[in-house]
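**Q** The lines below spell out each chain.
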Amino acid sequence: MVPSSKKKVIVIGLDGLEPRIVEKMLGRGELKNLQKLRASGGYSRLRTTYPAQTPVAWSSFATGTNPGGHGIFDFITRNPETCQPDIALSGFERPKNMFSPPRVVNRRGGVPVWDYLTKAGVPSTVLRCPCTFPPEPILGRMLAGVGVPDLRGSQSKGTFYTQDKSTVAAESEQLIVLDAGDTLTTRVVGPRNTRVSPSSDTCCEIGVAIDRAARKLSIRTGGTPATMEVPEKGWSDWVRFKFKFSVLQSVTGIARFYVRQLDPHLEFYVSAMNFDPAAPMFPVSAPADYAKELAQNVGLFSTLGMAEDHNGLNNGRLDETAYLQHCELVLSERERAMKFELGRFSEGLFFILFDTPDRLQHMMWRFRDPQHPVFDHDLARDLGPSIEEHYRRCDALLTPALEHCDADTLFVVLSDHGFGTFRRAFHTNTWLWQNDLLALRDGRQPDDDLGEGFTQVDWSKTYAYALGLGGIYLNLKGREGHGILEEGADAERVRRAIQSGLAEIPDAHTQLPAIRSVSRREELYSGAFVERSPDLLVNFYPGFRVSWQTAVGGFSRHLIEDNTRRWSGDHIVDPESVPGILFMNRAAQHNHAHITDLAPTILQHLGVPIPGAMEGRSLLG
Amino acid sequence: MKICVLGLDGAAMDLIADERLVNLRRLMEVGLYGQLENVVPHTEVSSWICMATSRDQDSSADSTSSPALAIWDHLAAAGRQSVLIGVPPSYPPRRVNGVSIGAFLASGAAASSPTRDFAWPPEIQSELRELLGDYPMDEKDFAATNSAASPDELRDEIILLSDRQWQAGRLFLGKHQWDYFHFVDSGLEFLLHLQTQANTLEESVARNVAADYLAALDEQVGSVLELLDDQTIVLVLSTQGTQLSTGGSGTSSVLNREGAAGPGADHAAPLGVFVLAAPNCPLTSEYHGAHLIDMAPTLLDLAGYEIPASMQGRSLVAGLEKKDGGESSAESDEKLLLDRLSGLGYV
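Going line by line, the protein sequences match chains A and P. When you number the first sequence by our numbering, it's gap-free, plus one each residue, and the end is 812. When you number the second sequence by our numbering, it's gap-free, plus one each residue, and the end is 400.
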């Protein structure tokens, strides 16, 4: 116990922790720290946002408002002018003149709880909250979370190296085919240099040499450290690379190597190129040099929003063991950051989010669901328990945090949503086409070949289109670039047709209904940003989710298909089916806790007036 | 095209080689840069006169007719407006077609401007006072007020004054109509003279102080660049570098700069530097042999004006075909968007 008279709130976010698993484990006497918390205060399921997505829910956590109050409705948004998909969390603004740098802007609006605290002179430490990129100044320290891209502007793009010349690049990766031989020179890929025409990749030359006797790869990195040895099936430490745009300009990035195999031919992998905390291309912390200070104290760490390399596993470049190792690397970096910051935390708000449980469950869920299309009986024996093992790891994380808890500390552990299986993918755009609400050019049929971004859509005959992880937009005149639908009776007919057509729509294959309901935005949202939201939101039954293709404006010839990816668990279903968890060391004063209740709860404990803009109610009564 | 000139007095080539100066580097990347010859040793004041009139000091002095016209005078004759901030000589305030604000801590300012006017037109002075607080135009007043201040305190005060001057710069850049904007920051000169005065610091320490100050200036430059549209010519320059060695300077008072480097006094001063960037500039990368008096004709040439006969310098881009300024990024928007979504996992 740390003696202190200053009011403190410690909030630990465990992204995606599923109540049914937690409750079952508690029932078995596991998760000792969560048990302790439940005993000292209470536990409840935590209602979440529509939709139940990480950036949406944590933005509501931060602002205490429904998504209409902060403007984050999905990972993905669209430009109404072009109907093209884009990341909703941050905007990339082209330089307005040749002298200015490109800029990133945080698209989350509203006022987060730490801004109210800052105004009241109460400090905050906010680590890795989604939608805080680029961070704005606060009284205290902030490190940005989900939304920080890699050095190439992507959410996560690694590089796969192989001597197998027949290999083709998988999704969201760079592929480098190596020459034969045991000693090779190749390159690590940095950011695009768009200042030259045509734009090209910046690179760092590296050398690799196979050491068969010791089963390892010796790497001359061209960066820092200059050389390293990475064992087969092992990850390296961070390497810092410097990429030169020109004689005058360069940028540094950090990445890890993974050696997949030395025989029969060499294959290795380089993780997504993260911003260097010491010199990020765009600021990832506030104050700007805080990330550097943190790295000096706890070692280099991932700055990427989606830090766990799910893509490497999804593409089969990493196996499950390598992925779990990578998850552990990310988790322990953040654990070190938490311990370091708690060591100097004496007043105000401390918040940290551990994303790893979410990323791990997305990829490992198939091993606990025998009905999943890619359930693997043999692997499930070893990997089936990996999620519960991870829950135990998460519980253990709380030990050092609880040691910082004194009589004046409000201690909160929460998840933003639960989790479930993702067996069947629903092609909403295909359904819209089947129902004459969306038209394709030249009599084309919906198919995977149509690509992303609605390239073959005939907008002059299209009334609605689906984009993002559950949203449907009307093709409204005056709003959409090629809008044809008048707001009013016509639009109303389209809304009704979609709502009645999709609700309880059966999946012929499983004999289960796929969609519980379709909500209208005016039922769900209020506030300054409602205009940004989809017009309709599809609430799937557990087991179903919107398809990969629909999310980015693509199609399939099927209406509902098996999800055959390793990304096999998900939570973007009817939010009533995927509540999160809430543990507090104080008893909640009302039932039905909602994620928007946390911001007012934090303010109340710290003695700061709760602003009228916050819709949630303090749980402290 | 509009013209934006930012003077960073005292900056020399070795100082701007610092990687932290990301904004200057970005300008160098897209533009033309190099050292600036300055044949006759100049004071800061006479250097800026040379730059603006494109006439060397000797010939200016020899001239028996009225003083040579500066670039903003030529532009005013064409009906163009200027904003001048801190451009020596500052006092009495220049009556330009537009706005003129005198430098902070000018030597002899009080004597040159007995009414204590520091800006033209005079009515903007109250607004400036509101924004900037007291306007310490005269170096002597400042020295008297701060006679008990330590060198560190003086340094902090100068950094503060410089920051306020940049605030004023951004204000007028945004709200005033201008075709020619010219801003000079003299903080670096002050800081180095302070060091000389304290006479306790090693050259390496002086170098660090200068580098840190330039890093802060680079951010100020960046904040100005943000406010410009893409039809603007940008010139960042110093008329001469500053000697970093301690001792032996001709400084006569705590902060004296305008009288510090008379002809011969600073004979070893390093050359000034320039970085010129414009959407239509046909030249890029390093340029050798540019002279201070070439700057004004080059600006006028790029902006599409006739070069007046009184100017002795030459345009660095004379006779070269100007580029079409409308070029856009090589990467298509669509590709950029797909890259941004890449690796999201959910898609």
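Where hints are given, some of them may not hold.
[Stated by the list, open to error] As a list, the in silico SDA-like pairs of lysine to any residue whose alpha-carbon atoms are at most 25 Å apart: (1) A:K197 / A:P478; (2) A:K198 / A:G534; (3) P:K228 / P:D187; (4) P:K376 / A:P478; (5) A:K287 / P:D283; (6) A:K435 / P:K228; (7) A:K483 / P:P335; (8) A:K530 / P:Y340; (9) A:K435 / P:G227; (10) A:K483 / P:V75; (11) P:K376 / P:P335; (12) A:K287 / P:D187; (13) A:K287 / A:L369.
[What the hints assert, rightly or not] DEER-style ranges, computed between Cβ atoms: (14) A:E284 / P:D216: 19 to 27 Å; (15) A:A230 / P:D265: 53 to 61 Å; (16) A:G507 / P:Q284: 45 to 53 Å; (17) P:T337 / A:T418: 46 to 54 Å; (18) P:L280 / A:D454: 56 to 64 Å.
In case anyone wonders, no lab produced these hints; they're calculated from the structure. This structure is a prediction, so every number in the text was calculated from the model and none was measured. Even for Gly, the Cβ is constructed at its ideal location relative to N, Cα and C.
**Q** Is the straight-line distance between the alpha-carbon of P:K376 and that of P:P335 25 Å or less?
**A** 5 Å, holds
**Q** Regarding the pair A:K435 and P:K228, is the alpha-carbon distance no greater than 25 Å?
**A** 38 Å, violated
**Q** Is the Cα-Cα distance between A:K287 and P:D283 25 Å or less?
**A** 7 Å, holds
**Q** Lying within 56 to 64 Å: is that true of the beta-carbon distance P:L280 to A:D454?
**A** 60 Å Cβ-Cβ, so the 56 to 64 Å window holds.
**Q** Keeping to a limit of 25 Å between CA atoms, is the pair of A:K287 and A:L369 held or broken?
**A** 41 Å, violated
**Q** Checking one constraint from the list: CA of A:K435 to CA of P:G227, max 25 Å. Satisfied?
**A** 34 Å, violated
**Q** Decide if the proposed pair is consistent with the structure: A:K483 and P:P335, CA atoms, cutoff 25 Å inclusive.
**A** 40 Å, violated
**Q** Please work out if P:K228 and P:D187 have their alpha carbons no farther apart than 25 Å.
**A** 22 Å, holds
**Q** For the pair supplied as a hint, A:K530 and P:Y340, confirm whether the alpha-carbon distance does not exceed 25 Å.
**A** 53 Å, violated
**Q** Evaluate the given range 19 to 27 Å for the C-beta pair formed by A:E284 and P:D216.
**A** With Cβ atoms ~26 Å apart, the hint holds.
**Q** If you draw a straight line from the CA of A:K287 to the CA of P:D187, is it 25 Å or shorter?
**A** 35 Å, violated
**Q** Given the hinted pair A:K483 and P:V75, is their alpha-carbon gap at most 25 Å?
**A** 18 Å, holds
Checked against the numbered hints given earlier, the structure breaks hints 4, 6, 7, 8, 9, 12, 13, 17 and satisfies all the rest.
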